[in-house]
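A.B. asks: If you want the building blocks of each chain, they are given just below.
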Amino acid sequence: MAKQITIISGKGGTGKTTLTASIAALAESAVLADCDVDAADLHLILTPHINETHDFAGGFSATIDPKACTSCGLCLDACRYDAISDDFAVNDLMCEGCGACFDICPAQAVIFKRETAGQWFESTTRFGPMVHAALAAGQDNSGKLVSQVRKRANEIAEEQNKDLVIIDGPPGVGCPVISAVTGVDLILICAEPTPSGRHDLLRVLELAGHFGIPAALCMNKSDLAPEKSREILSEAQQNGAHFVGSLPYDTQAVAAMMQSKSVVEFYEGPLVKAIEEVWANTTELVSSLTKPDN
Amino acid sequence: MQISIASGKGGVGKTTIAVNLARIAAKDVTYADCDVEAPNGHLYLKPTIDETKDHSVKVARVDDAKCNSCGVCQDKCRFNALAVLPGHVMVFDELCHGCGACVLACPEDAIYEIERPIGVIETGRADGVRFVGGRINIGEAMSPPLIRAVKRAVAKDELVILDAPPGTSCPVVNSVSGTDYCVMTTEPTPFGLHDLTLAVGMIRRMGIPFGVVVNRVGLGDDRVHEYCRRENIEILAEIPDDRRAAKAYAEGIIAVDVIPDWHAIFVNLWQRLLARAASTNQSA
Numbered sequence: 115m116a117k118q119i120t121i122i123s124g125k126g127g128t129g130k131t132t133l134t135a136s137i138a139a140l141a142e143s144a145v146l147a148d149c150d151v152d153a154a155d156l157h158l159i160l161t162p163h164i165n166e167t168h169d170f171a172g173g174f175s176a177t178i179d180p181k182a183c184t185s186c187g188l189c190l191d192a193c194r195y196d197a198i199s200d201d202f203a204v205n206d207l208m209c210e211g212c213g214a215c216f217d218i219c220p221a222q223a224v225i226f227k228r229e230t231a232g233q234w235f236e237s238t239t240r241f242g243p244m245v246h247a248a249l250a251a252g253q254d255n256s257g258k259l260v261s262q263v264r265k266r267a268n269e270i271a272e273e274q275n276k277d278l279v280i281i282d283g284p285p286g287v288g289c290p291v292i293s294a295v296t297g298v299d300l301i302l303i304c305a306e307p308t309p310s311g312r313h314d315l316l317r318v319l320e321l322a323g324h325f326g327i328p329a330a331l332c333m334n335k336s337d338l339a340p341e342k343s344r345e346i347l348s349e350a351q352q353n354g355a356h357f358v359g360s361l362p363y364d365t366q367a368v369a370a371m372m373q374s375k376s377v378v379e380f381y382e383g384p385l386v387k388a389i390e391e392v393w394a395n396t397t398e399l400v401s402s403l404t405k406p407d408n
Numbered sequence: 137m138q139i140s141i142a143s144g145k146g147g148v149g150k151t152t153i154a155v156n157l158a159r160i161a162a163k164d165v166t167y168a169d170c171d172v173e174a175p176n177g178h179l180y181l182k183p184t185i186d187e188t189k190d191h192s193v194k195v196a197r198v199d200d201a202k203c204n205s206c207g208v209c210q211d212k213c214r215f216n217a218l219a220v221l222p223g224h225v226m227v228f229d230e231l232c233h234g235c236g237a238c239v240l241a242c243p244e245d246a247i248y249e250i251e252r253p254i255g256v257i258e259t260g261r262a263d264g265v266r267f268v269g270g271r272i273n274i275g276e277a278m279s280p281p282l283i284r285a286v287k288r289a290v291a292k293d294e295l296v297i298l299d300a301p302p303g304t305s306c307p308v309v310n311s312v313s314g315t316d317y318c319v320m321t322t323e324p325t326p327f328g329l330h331d332l333t334l335a336v337g338m339i340r341r342m343g344i345p346f347g348v349v350v351n352r353v354g355l356g357d358d359r360v361h362e363y364c365r366r367e368n369i370e371i372l373a374e375i376p377d378d379r380r381a382a383k384a385y386a387e388g389i390i391a392v393d394v395i396p397d398w399h400a401i402f403v404n405l406w407q408r409l410l411a412r413a414a415s416t417n418q419s420a
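Here the protein sequences come in this chain order: A and B.
Counted the way this note's numbering counts, the first sequence spans residues 115 to 408.
Counted the way this note's numbering counts, the second sequence spans residues 137 to 420.
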């Protein structure tokens, strides 16, 4: 089975997707999966050709038929999400889709059905196959959509004999992140040497520990605060992180993005060398790790 | 009155803007950190915490003595959090949304609810600013209940700067919902623009008045500006790409404390926000 690597950061904007795009260019036999489904950006660099589009059925959502509603108020008491107004209209953004109102309504005035919550795509890029998604704005169930993207990416890896699935993860530590990391072989954390970067890196490391997944650290923009970078690195290592390298701050990263190119395609320079080294160390680490359950 | 600070893309300066505004507004304001997965405001405001409270959610429990394994609860649970086995019902706590549908459905009254802690709410003070922040426990998937608890911890008549999580999904909706005005933060890059368009789609659907702050102007190009012009969106402030500010951020220092021209930018922005939020408050 293909090895899976998820790139996350805790804090947003530390360079996850920029790093992922370069890794996509460097990896020789990989399927790419963009699991940052509510703010997906990897496609802006990889410019995929979409071969197949699928609707994503999200959770349920309630509406109330005013003609059938008797204004008895039972649904108001049953709803724990303040999603029903005093005049019995459902705010679809607040509705959790639990069905308590549907179950309790004596007049059968609640219409309860599954919503289309987004789409997911099977695509081809210049670096190989890619699975990605677009969650409709304001939707929940992002974790389910992440699982769907990963499932298809794994199947494609199997079908096409690819060795790796590279997953661009979302920020934070919640539902979509948990879906993006469960069962992977390695979490690659892209961190930055700031107080927020450190704080959120340690939370992500704790998450990796919680699920028993090996984690590696790539310190981005380390030259902006070399002392702080060293401190954070040693703290991360004490918390179980492997170290796969540092990347210098370089305005060429944005310049590459402006032209929809990954950094390694865009120019030759110290940042490219550093990314190549990070990737070489990461692949070496992944092959040296054996999952406890196989 | 509540002003939320949000962004589609992470790392474009939400917290920077929120803490700088809080510093300018000082004793008049409450800073509320709703980015409970990656809360960072406290690293800059450095509040003295007066109180840390566990926040719990309800989770279903089944009394096996009363349960006759009829399976109604399993059918009614839309989150697949219950598995009815002979003589016992298993509850998967992380999947339980605490909605109570199973409690309502059980014909034997065999289901009750217990409280399960999912995170903490901290309250304190930082140089006159009242601080409220949530922090979700690692491994917990669902942040919205904790976000709603942070919002309940501020009073209706408080002037609030609310720091939201990034993205466009349910944690963001829960954070900005009910705020009087939203500051949509972005940077002038392709990623910034793309995620801004998604976030604008969300905030328009919610019907919350908003404007854009473009951070790190000088980086990238003017496509964000063009987009805002085309879409008739007000640009509330432009914050320059500034190494001094990056250095301050890396050292845990609030920029307006050390960079005079930043002080001026944020005084202006705060005045403008108060005016915008007040006018929507009146028209509402």
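These are computed hints drawn from the structure, not numbers from a lab.
On a predicted model such as this, the values are computed, not experimentally measured, just so you know.
One or more of the hints may lead you astray.
Computed footprint of chain B on chain A; a stretch qualifies when at least three of its residues, placed anywhere within it, have a C-beta under 8 Å from a C-beta of chain B [as the list claims (entries may be wrong)]:
id, stretch
1, 209-219
2, 243-256
3, 260-272
4, 310-319
5, 383-397
Using N, Cα and C, we set each Cβ at its ideal position, and we do this for glycine too.
A.B. asks: Work down the list of hints and note, for each, if the structure agrees.
C.D. replies: The hints, checked one at a time:
no.	hint	result
1	209-219	holds (count 7)
2	243-256	holds (count 6)
3	260-272	violated (count 0)
4	310-319	holds (count 4)
5	383-397	violated (count 0)
Of the hints listed earlier, those the structure fails to meet are numbers 3, 5, in rising order.
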